[in-house]
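Chain residues, written in single-letter form:
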Amino acid sequence: MFKVTDQKSYLNAEEGIGSWLLTTDHKRIAILYMVSLTFFFFIGGMAAVLFRLELFTPEGDLLSADSYNKLFSLHGIVMVWFFLIPSIPTVLGNFLVPLMIGARDLAFPRLNLFSWYLFMAGGLFTLTMIVVGGVDTGWTFYTPYSSTYANTFVILAATGIFISGFSSIVTGLNFMVTVHLFRAPGMHWFRLPMFVWTIYATSLIMVLATPVLAVTLLLVATERIFGVGIFDPAIGGDPLLFQHLFWFYSHPAVYIMILPGMGVISEIVPCFTRKRLYGYRFIAMATMAIAVLGFLVWGHHMFVSGQSMYAGLLFSFLSMLVAVPSAVKVFNWTATLYKGTIFLKTPMLYALGFIGLFTFGGLTGISLATLGFDMHVHDTYFVVAHFHYIMVGGMIMAYLGGLHFWWPKMTGRTYSEWWGRISALIVFGGFNMTFFPQFVLGYLGNPRRYHSYPDEFQVFHVMSSLGASILGVGYLLPLVYLLWSLKFGGRSSHNPWQAAGMEWDVPSPPPKHNFDLVPTVDWPAYDYAPAHKELTIGEGEPEPH
Amino acid sequence: MSDIAIQTQARSPKTSDHNHHAALLGMWIFLATEVLFFGGLFISYVVYRYEYSDAFVSGSRQLNLWSGGVMTAILLLGSLLIAVANRWVQQQQGNSRRAWVLLLMTAVSGTVFLGLEFHEYSHLISDGFFPSSDFPTKRFPAGSVGGNTAEMFFVLFFSMTGLHAFHMIVGVSLVAVVAVIAFRSNHATNRATGIAVVALYWHFVDVIWVFLYPLFYLVK
Amino acid sequence: MNQSFQFFPEAASRGAVEVDYLSFALLAICLFFTIGIFAAILVFGFRYWHTREVDRQFSPSRRMHWIVELTWSLGPLAILIALFIWGAVVYVRIHRPPDNPLEVNVVAKQWMWKIAHPNGRREINSLHVPTGRPVRLTMISEDVIHSFFVPAFRAKQDVLPGRYTTIWWEPTKPGRYRLFCAEYCGTSHSQMIGEIVVQSPEDYSQWAAAEPSQTLSERGQRHVKQLGCLKCHRAVAGTQTGPSLTGMYGSSIPLSDGTTIIADADYVRQSIIEPMKKVHDGFKPTMPSYAGQIESEALLEIVAYLRSLEDVQGD
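Residue numbers (this note's numbering), protein chains in the order written: chain E, 674 to 1218; chain H, 3 to 222; chain D, 32 to 346.
Keep in mind that the hints were calculated from the coordinates and are not lab data. Honestly, I wouldn't trust all of these hints.
Said to hold, decoys possible - With a cut-off of at most 30 Å between alpha-carbon atoms, the simulated DSSO-like pairs for lysine-lysine come out as follows:
#1 E:681 with E:1185
#2 D:309 with H:222
#3 H:222 with D:315
#4 D:315 with D:262
#5 E:1160 with E:1185
Source: prediction; values computed, not measured.
With these hints in hand, go ahead and build the complete structure from the sequences.
Now the structure itself:
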């Protein structure tokens, strides 16, 4: 029905570097983001490799304490703000949301390009400041250390984050308007793919939480410049106010990072079980519930900070509530497998890995929300392990899964399925080896951000560092074979996975304007027919047209 | 896979209407962001106002109540003017092109507001009230920490009104731009969206001031 | 201190055992659900593998669907609320002040712990405590935020500048344990460590008496005299400019704004540093601030002195 004509794809519709840097095509902007994020990811990863090497031995012998502190700050700042937060929304979201809802582009294409420039300006600025001068406050910038005592480039690093924060806001705004007003006729809310729901919920958080971070960083900068400020105990300021404001942003930011990952999983699982997503409406509502409740739980980062006992009780209770919608999602994904027709292609391996690791990460999160337990493991490696299970085991698995799922659509090429599966397994194994020992370390009492540590912890640190090197290989492999596929990979058909969803109805790679004619939607999301066993999911063999 | 039914009619006839809605919705979402942006500061204000209410009273006495009142009035007048301009353009009443005069007056009112505000700033700074290490704590009743907390009042005053002034500068520039476009353009539709969006923004910045004025000038 | 490899940290206080029970329960829940999900994935993956001939007809009724969804929403919710309650019980107990504790003062700064015992003995980066009696730390930081963390006691508390925080526990097992700073505090954060020496009560009193010196409350009394506090805060009723210090600590103070406050360490500190903030009802707000004139240790000694007058009746 969609004949492959000789029309050009978005990739070769225009030529030259200028056509990329000035493009307003959402698909090209997605590619711009993908390249920049890969760069930031490997910068942040390099820092992790260096400090994991340092932690091989208990004594701080490889790096000085100062360099160690700067490296973990760099790792945190780059990974949180310049990889995890933008990752799925800006790459997959930009590419897919218009295709999935039947639009020709986002609502504000020029604003979309502008937000990439903001992101790059902020990112490169912060990175330069960190590399030239260094920042040693950690990504959390706790006052009064950051505002008064640190002798490093705090203001300049914060400026970059401030700028890229606006990129986040503009991106979120763009998605929200697009989803509200640019859906194809007939594409009502409960026909939207779950990915669009999660991007919408994420955008809501981006728009409402990011400004609070912006103003908080502004106040820290003011305090450093003028020597007096809101968090300065010398004039009666309260350092805890900073923590409240910071976590009011940064806890919802955790959901900015994980919700889109849940969206990706909700696309992959139905495709490789050839079945409708179980509990579609419940997952959609759970998504919105997480977005809203996520704003009410920031105080669980402060159980031992000196906030009142009653605040601790309240935030613990609310944190328990936010676990319910997450649990609902995990159960629904698992139930989707029931009576499905299961194929284990690379994206599905990542998706199943996500479900398992997210479950464990989420359960350890519930442990941390349990007050009596948190008193012990707060600010230890237990916390580090927990959020890496969510962020790396969850989010990065989902990102890689999504990338492998839509790679044929984005590039028109297929990659080596064999290498894809191998690297998915390496990532899963390396990840667990890196971060599982850290739970034990945390319970033993090893505080986080320690440059040197007591000898009795060494066994677990060595395991973790070895795991990290395996994980590093797992991340380098896709870089190699995906790049390889661009030149040597087979041509992909328009729908190599025989998946449902409007993005699969246009050619791979899609033409510049996505749809020749905007379709009228009269089918539900995940319109998978129960498949027969003969059904094969393509390795990229072009379909005859 | 079900087939895709193709809608044959093109989307274009209603595109401009669509874009108008998109622009307005976009601005509303942006204003939600702004509310939270100022929200962080308002929360800080509430925390310290509660902690150091006496310091806030003595700090507030240093501000010029009348100048603040006049500023408020001017700002509200600006809002009225841009609202009328917007109405003319949206409903295409009378000669809607004349809206540029009202827009220009709005921009002027904003400029006057900023002038008064910077005048007040310069007074406060020359009196030494700008937060710094040699803040004249002695000039305040030994509230708490020997008058230090009055400095907190001025930290908040300069941060919040300063941020508002920055928004005003952006607002005046935007109004000036749409005024010029309105003056040049002959087609009402070309300017309707721009004016509606800028008017929304202008009203928002006004509303922020309506909160700031009593919080800083009318502390009792 | 156990220097060798270990899988599970030693527990050396009464509270530590309670936390461990909670931890085991949490571990069981984590394993149950994680293994459950993994098992479900494996079983479904095997049973519904695309080449297998199995019945794949699946059309649950609306009612069935709701029952399933409600079960796996409300079931976890019940578990979560139970966990919340259990965790809260442990937490509230840690926050309730103990009876007749040994009061130890802690001043944190980059990058050391300065500790003072009630009988006046001081130590740096180590803390000697007896078994069988609650030990309460009153802590303050001179610069950034630190956190006092003893894994063997399973508890930590951030140490803030400008405000006292407290933590207490009851050591049960003599031995040497790790002390860590758990809140990132700058370059030598990982060097801000020390040891906790838990001793039998006899050993502890021997240790504490080894370096005879003035007790903390004696030192506090000296500061009170030197600063001239008693010029106003005389104990003779009716003639005071300020309220009497005797028996004030721990009592309920009526404030000028109509509220009341319990005079704890933090209230004493605030009344000296920011005297106008919470004024004792019936007295004129004339006290000057002593901010910058008293060192952190001395201020804690004054608190110790006032605490020693807690049960003394005014004359």
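So, going through the hints one by one against the coordinates:
Straight-line distance between C-alpha atoms of residue 681 of chain E and residue 1185 of chain E comes to about 8 Å, which keeps the hinted pair within the 30 Å bound. For the hint pairing residue 309 of chain D with residue 222 of chain H, the CA-to-CA distance comes to about 19 Å; that is within 30 Å, so the pair holds. Among the hinted pairs, residue 222 of chain H with residue 315 of chain D is consistent with the structure: their alpha-carbon atoms are about 21 Å apart, no more than 30 Å. Only pairs whose Cα atoms come within 30 Å are accepted, and residue 315 of chain D paired with residue 262 of chain D is accepted, the gap being roughly 15 Å.
Using a Cα cut-off of 30 Å, the hinted pair residue 1160 of chain E and residue 1185 of chain E holds, with the two alpha carbons roughly 21 Å apart.
Violation of the numbered hints given earlier is absent; every hint is satisfied by the structure.
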